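Novice: This is what each chain is made of:
Protein chains: 2
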Amino acid sequence: MLINEWFFEDDMPLAVAIKVKGSLYSRKSKYQKIEILDSIAMGKVMLLDNKVMVSEKDEFYYHETITHPALSIHSNPKKIMVIGGGDGGTVREVLKYKTVDEVELVEIDEEVITVSKKYFPEVACELDSPKLKIKLNDAIEYIKSAKENTYDVILCDSTDPEGFAAGLISKEFYKNAGKALKENGIYICQSGSLLIQEKEFKISLENMRTAFKYVDAMVSIVPTYPGCVWSFLIASNSPVDRKIKNMPGGKTKYWNEGIHEKLFAKPEWLKEKYFSLQVAK
Amino acid sequence: MLINEWFFEDDMPLAVAIKVKGSLYSRKSKYQKIEILDSIAMGKVMLLDNKVMVSEKDEFYYHETITHPALSIHSNPKKIMVIGGGDGGTVREVLKYKTVDEVELVEIDEEVITVSKKYFPEVACELDSPKLKIKLNDAIEYIKSAKENTYDVILCDSTDPEGFAAGLISKEFYKNAGKALKENGIYICQSGSLLIQEKEFKISLENMRTAFKYVDAMVSIVPTYPGCVWSFLIASNSPVDRKIKNMPGGKTKYWNEGIHEKLFAKPEWLKEKYFSLQVAK
Numbered sequence: 001m002l003i004n005e006w007f008f009e010d011d012m013p014l015a016v017a018i019k020v021k022g023s024l025y026s027r028k029s030k031y032q033k034i035e036i037l038d039s040i041a042m043g044k045v046m047l048l049d050n051k052v053m054v055s056e057k058d059e060f061y062y063h064e065t066i067t068h069p070a071l072s073i074h075s076n077p078k079k080i081m082v083i084g085g086g087d088g089g090t091v092r093e094v095l096k097y098k099t100v101d102e103v104e105l106v107e108i109d110e111e112v113i114t115v116s117k118k119y120f121p122e123v124a125c126e127l128d129s130p131k132l133k134i135k136l137n138d139a140i141e142y143i144k145s146a147k148e149n150t151y152d153v154i155l156c157d158s159t160d161p162e163g164f165a166a167g168l169i170s171k172e173f174y175k176n177a178g179k180a181l182k183e184n185g186i187y188i189c190q191s192g193s194l195l196i197q198e199k200e201f202k203i204s205l206e207n208m209r210t211a212f213k214y215v216d217a218m219v220s221i222v223p224t225y226p227g228c229v230w231s232f233l234i235a236s237n238s239p240v241d242r243k244i245k246n247m248p249g250g251k252t253k254y255w256n257e258g259i260h261e262k263l264f265a266k267p268e269w270l271k272e273k274y275f276s277l278q279v280a281k
Numbered sequence: 001m002l003i004n005e006w007f008f009e010d011d012m013p014l015a016v017a018i019k020v021k022g023s024l025y026s027r028k029s030k031y032q033k034i035e036i037l038d039s040i041a042m043g044k045v046m047l048l049d050n051k052v053m054v055s056e057k058d059e060f061y062y063h064e065t066i067t068h069p070a071l072s073i074h075s076n077p078k079k080i081m082v083i084g085g086g087d088g089g090t091v092r093e094v095l096k097y098k099t100v101d102e103v104e105l106v107e108i109d110e111e112v113i114t115v116s117k118k119y120f121p122e123v124a125c126e127l128d129s130p131k132l133k134i135k136l137n138d139a140i141e142y143i144k145s146a147k148e149n150t151y152d153v154i155l156c157d158s159t160d161p162e163g164f165a166a167g168l169i170s171k172e173f174y175k176n177a178g179k180a181l182k183e184n185g186i187y188i189c190q191s192g193s194l195l196i197q198e199k200e201f202k203i204s205l206e207n208m209r210t211a212f213k214y215v216d217a218m219v220s221i222v223p224t225y226p227g228c229v230w231s232f233l234i235a236s237n238s239p240v241d242r243k244i245k246n247m248p249g250g251k252t253k254y255w256n257e258g259i260h261e262k263l264f265a266k267p268e269w270l271k272e273k274y275f276s277l278q279v280a281k
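Each protein sequence line maps, in turn, to chains A and B.
Numbering of the first sequence is given in the numbering used here, commencing with residue 1 and proceeding in unit increments.
Numbering of the second sequence is given in the numbering used here, commencing with residue 1 and proceeding in unit increments.
I should point out that these hints are in silico values taken from the structure, not numbers from a laboratory.
Note that this is a predicted model, so its numbers are computed, not measured.
With the C-beta cut set under 8 Å, the calculated list includes, among others, these residues of chain B facing chain A:
1) P13
2) A15
3) K19
4) M42
5) D58
6) L195
7) I221
8) C228
9) K253
10) N256
11) E261
12) A265
13) K271
Stretch-level coverage of chain A by chain B, calculated; a stretch enters the list once three of its residues show a Cβ under 8 Å from a Cβ in chain B:
14) 2 to 14
15) 226 to 239
16) 266 to 274
DEER-style ranges, computed between Cβ atoms:
17) A:T114 <-> B:E111: 54 to 64 Å
18) B:K243 <-> A:K213: 32 to 42 Å
19) B:K202 <-> A:E122: 21 to 31 Å
Even for Gly, the Cβ is constructed at its ideal location relative to N, Cα and C.
Could you build the full structure based on these sequences and the hints that come with them?
Specialist: Printed below as a string of structure tokens:
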């Protein structure tokens, strides 16, 4: 909803209100409405179907949390799949690892990529990298036919599990992701606000536990997402050793060795409710 | 601002929007406007001068962060001062420590206490404790005349440093707090959003560094405060050893040993900007 120069998502009863100066772009692509707002505190903000995807000022909290915990604990990440993430922020972080020699970006909507390059050059800065292969596909179909035992890390940087993205939290999807990963491969995804999307978090967690042997949650902050206490799930079929084995080559703004361990610390209520028993199958 | 059933603070360019069912109470006290909204996602919400002070659903993030890091690392916290905090949430957490035998609550506005007891019984549940002494005073004056070398922990659970609370981040105030503390005493306060109140955070930090030998920052989450990445400052004239020495007697919802360490981990940008040098004078 845009009212009196304030934008906020109005489909849930808690939201982040952002004061805007105007709209820079607004167009319906084949899949969704893409809009760019110019805001006072957060710089440019991209909305997909009226939901904040990325803001210039705080995007690094999200992109660094979805990338570094998984890439840094993998012993030798070379081949990576990024699902969604057409803005390029996750690809930018992934390519900070010198070991990485190929990233597949599976984005359904080409216009997200085009618009990001134009309005968010600092986020989209690696979208022309020779190491990047852009696959304009529905990730649900793509992962079904992906070659088994192929990827070191799969990062699901998707919109909320609604509409065309609903299947991204199904048991079948996670099973296919598990097959596409190498034996010591790691899957990581954003799993919503712990304040107002606990239902979706629970479904993701339970489905993931049927598909992977090891599942853990991280708690981070995404200031412009509603309910800002943001969860991420990390899974593997090999035991997940959280020790950092690989440092990113480039600078980070949020993540560091101190933050790394702390992302896995859980509020007492979350620990008691979902992580009181050993999660291995 | 209350518009189309949504409330959000509109004095800064980023806010939390809360969908409300109605207003349960609204009255101007001698010091400020006190209002209680009934919201869909966050339960009852108390506003002071149109700023969110406390919401039923997320108050524990704030109250546990301002209390447990300081009380748990003190070897023997007995005499405590709470500044502001008329809702009672901080007092509730402080009284979970069996060592504590006296808490002074220095709240300027008696009506905050009265309204909290009526609308937030679970937050205000210790406001009639025999261990509690309520001092209806301006904390800035109170601490000036406080007996030296008296308190084990002082917790400043105040509103933003504006209006009658502006003096709570001055050098003089911190110096007086330092004098009122015992030699190994600990001072802790909320210090605003790192996203949109960095200026205030910087002033607090710099002033505190002139008054205390050791100053450190913690980063926590307050989902209903604007810019939700919330800072707290902790200071002492003795070296601050973060090791937990004392566990609260009662249950917590957020804080635990894992979260304790997490609170002291700093985003890379914050570390580089304000904590790259040893902070001791």
